[in-house]
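All chains should be modelled from the sequences, with the hints used to inform the complete structure.
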Amino acid sequence: MALTLAFLGRLEDVAGAATLAVPTLGTIAAIIDSLDPALALALRDPRVKLAVNGVLAGERDDLALQDGDEIAFLPPVSGG
Amino acid sequence: MALTLAFLGRLEDVAGAATLAVPTLGTIAAIIDSLDPALALALRDPRVKLAVNGVLAGERDDLALQDGDEIAFLPPVSGG
Amino acid sequence: MSVAGPVDVRLLDAGFDPAAVLTAFAAAHPASGGFVSFLGQVRAGDGGAAVEALELRHYTPLTLPAMQALAATVMARWPLDGLLAIHRVGAMAPGDPIVLVAAAARHRRDAFAAADYAMDHLKSESWFWKREKVAGAWRWIEPRAEDFSDLARWG
Amino acid sequence: MSVAGPVDVRLLDAGFDPAAVLTAFAAAHPASGGFVSFLGQVRAGDGGAAVEALELRHYTPLTLPAMQALAATVMARWPLDGLLAIHRVGAMAPGDPIVLVAAAARHRRDAFAAADYAMDHLKSESWFWKREKVAGAWRWIEPRAEDFSDLARWG
Chain A
1193 MALTLAFLGR LEDVAGAATL AVPTLGTIAA IIDSLDPALA LALRDPRVKL AVNGVLAGER
1253 DDLALQDGDE IAFLPPVSGG
Chain B
1193 MALTLAFLGR LEDVAGAATL AVPTLGTIAA IIDSLDPALA LALRDPRVKL AVNGVLAGER
1253 DDLALQDGDE IAFLPPVSGG
Chain C
38 MSVAGPVDVR LLDAGFDPAA VLTAFAAAHP ASGGFVSFLG QVRAGDGGAA VEALELRHYT
98 PLTLPAMQAL AATVMARWPL DGLLAIHRVG AMAPGDPIVL VAAAARHRRD AFAAADYAMD
158 HLKSESWFWK REKVAGAWRW IEPRAEDFSD LARWG
Chain D
38 MSVAGPVDVR LLDAGFDPAA VLTAFAAAHP ASGGFVSFLG QVRAGDGGAA VEALELRHYT
98 PLTLPAMQAL AATVMARWPL DGLLAIHRVG AMAPGDPIVL VAAAARHRRD AFAAADYAMD
158 HLKSESWFWK REKVAGAWRW IEPRAEDFSD LARWG
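Chains as they are written, first to last, in the numbering used here: chain A, 1193 to 1272; chain B, 1193 to 1272; chain C, 38 to 192; chain D, 38 to 192.
Since the hints were made in silico from the structure, they are not lab data.
Given the structure is predicted, the values throughout are model-derived calculations rather than measurements.
Watch out, some of these pointers could steer you wrong.
[Claimed, not checked] Within a straight-line C-alpha distance of at most 16 Å, the following computed EDC-like cross-link-like pairs (lysine to aspartate or glutamate) qualify:
(1) D/Lys170 with A/Asp1237
(2) C/Lys170 with C/Glu89
(3) B/Lys1241 with C/Glu162
(4) C/Lys170 with B/Asp1205
(5) A/Lys1241 with D/Glu162
Okay, structure coming up:
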């Protein structure tokens, strides 16, 4: 099993894909560290918010993650 | 020749007509005095504005009037 | 219904279709990102207070010229691409449109402020007199204190 | 296009007709005297900055639920008869409608405030990401400082 990472907005361009399957590492911090450095840098932008399984996550580095979870990275919005 | 008086809004009900032809008396005050007392009272309401020939008149009692003029009595508006 | 230039002010003695007007207005201003509109329609009313009919009277020499002057003031006060103001006169039934104001602008806030201002001034300063038929009897509508406080917001 | 109840919130991946929606909305609220609407459409742009296409992305688990929560907040804050919020996602061309918000109320000021508030929050707090194609190249749109100052007005 694995985790799914979802990249919204311009993060999709940086990631080169809308979603990415990654091994289930224990924390967000560990997952981000395992990614391409340019992508990791973009994801660590303090304006990027996280949602786990569709629920906004307040704390980003110490979430307990499980197989099948979807972690979405949400850059600043620009709607309407 | 004569003057035309135009009654807008509820003043039309008080006057019993939308317009009234009256002899050309010299001033608004004289014209109002010549009308039915109930109508005269309604026209003297300080909220009632006047227009002479389609132009709002600031002073009401001392306008110089001429044959053929139209004097409109405009009660408070309630549009939209 | 086509839209006449950046400023389109009309006094109508027959019904109109607000949706068709707004469609034409939006199409006439392709560079505008935002359109704010206000539509006033004859309220159905409730139970005993049900409005059976509404009549709006105007005074030809003043009413349309004053609406045109208001439109010019609004155009000068906000950067708009277009402004539309349509007002009915005559007899209307519940559900009939009475007034439609629409502002087209690059920036949303300008369109909101312009439409809001135009409505406040149409309501309290334009030359219209309204009467309603309720329970078979006509009564003239007096201006509301609220209309004047709305107006005072604009300084 | 019919209107679903007092609160009607939709996320659409295909075009819609704002005029038809507004007609249905007004008809659905006969007791309302006033309707305020905001329509945002894809701007044509000028010369070299002409927008050739616009794309809006959303995140399914968050976007529509957040719009519904916003609508509930607006309904609780002002006495409205109805509130409509329609937002496009996907690819759009100049002139296409992007967002339509409409508020129906007995009192004009409530409808203006509700539509204004809803738009400020849709613009700056809703889960949409926008990119534009200009001169053949796509670029992501960053939030504007103006969006946050608009939001701050509501305290």
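Okay, the hints, checked on the actual structure:
1. D/Lys170 with A/Asp1237: Answer violated: D/Lys170 to A/Asp1237 is near 25 Å, above 16 Å.
2. C/Lys170 with C/Glu89: holds, 5 Å
3. B/Lys1241 with C/Glu162: holds, 12 Å
4. C/Lys170 with B/Asp1205: OK: C/Lys170 and B/Asp1205 at ~14 Å, within 16 Å.
5. A/Lys1241 with D/Glu162: holds, 12 Å
Checked against the numbered hints above, the structure violates only hint 1.
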